[in-house]
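Visitor: Starting from the known structure of chain L, fit chain V onto it as the hints suggest.
Just so you know, the protein sequences line up as chains L and V, in that order. Residue numbering for the first sequence follows this note's numbering, beginning at 1 and increasing consecutively. Residue numbering for the second sequence follows this note's numbering, beginning at 1 and increasing consecutively.
In short, the hints are calculated from the structure, not lab data. Cβ coordinates follow ideal geometry from the N, Cα and C atoms, glycine included. Just so you know, not all the hints are guaranteed correct.
[Claimed, not checked] Here are a few chain V residues that face chain L, going by a calculated C-beta distance under 8 Å: (1) Leu46; (2) Glu55; (3) Thr62; (4) Trp66; (5) Leu88; (6) Arg100; (7) Lys103; (8) Pro104.
Take a look at the letters that make up each chain.
2 protein chains.
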Amino acid sequence: MKDLILAPKPLTRGDFSPFGEIIESAGRDAFPINFGHARRFHRLALVDCQAEQGEAVISIVTTKPWPAPIAIRMLERHPISTQAFIPLTETRFLVVVAERYSKPRPEKIQAFVTNGRQGINYGRGTWHHPLLALSEATFLVVDRVGPAPDFDQDYEEISLEESPITLAIDGVGI
Amino acid sequence: MKDLILAPKPLTRGDFSPFGEIIESAGRDAFPINFGHARRFHRLALVDCQAEQGEAVISIVTTKPWPAPIAIRMLERHPISTQAFIPLTETRFLVVVAERYSKPRPEKIQAFVTNGRQGINYGRGTWHHPLLALSEATFLVVDRVGPAPDFDQDYEEISLEESPITLAIDGVGI
Chain L
1 MKDLILAPKP LTRGDFSPFG EIIESAGRDA FPINFGHARR FHRLALVDCQ
51 AEQGEAVISI VTTKPWPAPI AIRMLERHPI STQAFIPLTE TRFLVVVAER
101 YSKPRPEKIQ AFVTNGRQGI NYGRGTWHHP LLALSEATFL VVDRVGPAPD
151 FDQDYEEISL EESPITLAID GVGI
Chain V
1 MKDLILAPKP LTRGDFSPFG EIIESAGRDA FPINFGHARR FHRLALVDCQ
51 AEQGEAVISI VTTKPWPAPI AIRMLERHPI STQAFIPLTE TRFLVVVAER
101 YSKPRPEKIQ AFVTNGRQGI NYGRGTWHHP LLALSEATFL VVDRVGPAPD
151 FDQDYEEISL EESPITLAID GVGI
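For reference, chain L alone in the conformation it holds in the complex:
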C-alpha cells in the first residue's frame, strides 16, 4: 500500500467541529464579571465525563518532544467521555483525529496544528492520537476516571501499523 502523508492544517473551529471544541478566547464573545475587573469567555467546552459512575478530574501532563519523523501508527478513543488538553505553557502541538463513527479508514484521518494558545476538547468517541507535542511543554487535562475495576471500559484503540500515516511538518512552522 502507498504511504500516506498528511500535512497538518491550522486548527479552526469550523474544521474541528466534527471532532470537538477549541478552547481559546480569540474571536469569542465575553461578558464582564467581578465588578468589571474581569471578562468571562463562557462555556468554551462541555465536560461530559459522568457516564457509568465516572468522575471528571483535573490533571497535569508534561511532554517530551515526540521523536521525528512522526508516524501515526495507532489511534485511541474514549467512547463515553470528553477529554480536554489545554497548554499551560504557550506551545504549538499536533492534533490527529478521525470521526467517532466505527473504525476510521486511514484516508479519513485529519491532522491539525494549534497556534500555541489553543486548547482542545475531544468529543465523546472521537478517535485521536495521544498528545503530540514537539517540545517540552505542560498541559492541563480534564478527563474521566471510572470506578475500579472498570478502568478500561472507556478506552478503545485501533492499530494503523498496516498503513501508518507520516505527518509532513516541515511547512508547519513548529
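Guide: Frame of chain L, contents of chain V only:
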C-alpha cells in the same frame, strides 16, 4: 470596630486543604504515559459540578489588575459545586477564603498568594473572594452551569461591609 488587616501567606497544600485543592505538578507524583513521551500528574483536583442537573464547563477568564488598596468587602460561594482557576499565563494571584460552615466570621478568613504557576479548585461551599489578580492575566476556569431558570441556586454571597479586611500585600512580592 478595629480595621482588620491580613497578610497573605504562600499557598501550600497543608494550609489550603480545608478549602480545596492546589493544581500544580511541583512536588507531586507522576506516571509515564504515551509510550514514555509524557508524564501524568493524575487527579490533582476533582470536578464536582453535576448536582441538580448541573454540567461542568470549561471557560476562560481574563483579568485586569484589581485596584489597590485591596479591601475584602464580600465573599461568595457555590454550595453544590467545585470551581477551579488555573493560570494560563504565569501569574501570582491572591486567594481569600473561609471554611464552608455557616457564615464566616471576619477573623476566620484566610488569605494566600500563589507562586505564579499554582491553580486552585475551591471545594463545594468554600467561601471565597472573586478572582484577585494583580496583573492582566488569563485563567482557565472549570465550574458548574445549572439548568435555566435556576442559575442562582448555586450562588450565595455575604457582605463584609461592616468590617472589611484590608490585604497587606507590600511584603508579598507581587
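Visitor: Please go over all the hints and tell whether each is borne out by the structure.
Guide: Against the structure, the hints:
no., hint, result
1, Leu46, "holds, 6 Å"
2, Glu55, "holds, 6 Å"
3, Thr62, "holds, 5 Å"
4, Trp66, "holds, 6 Å"
5, Leu88, "holds, 7 Å"
6, Arg100, "violated, 20 Å"
7, Lys103, "violated, 22 Å"
8, Pro104, "violated, 19 Å"
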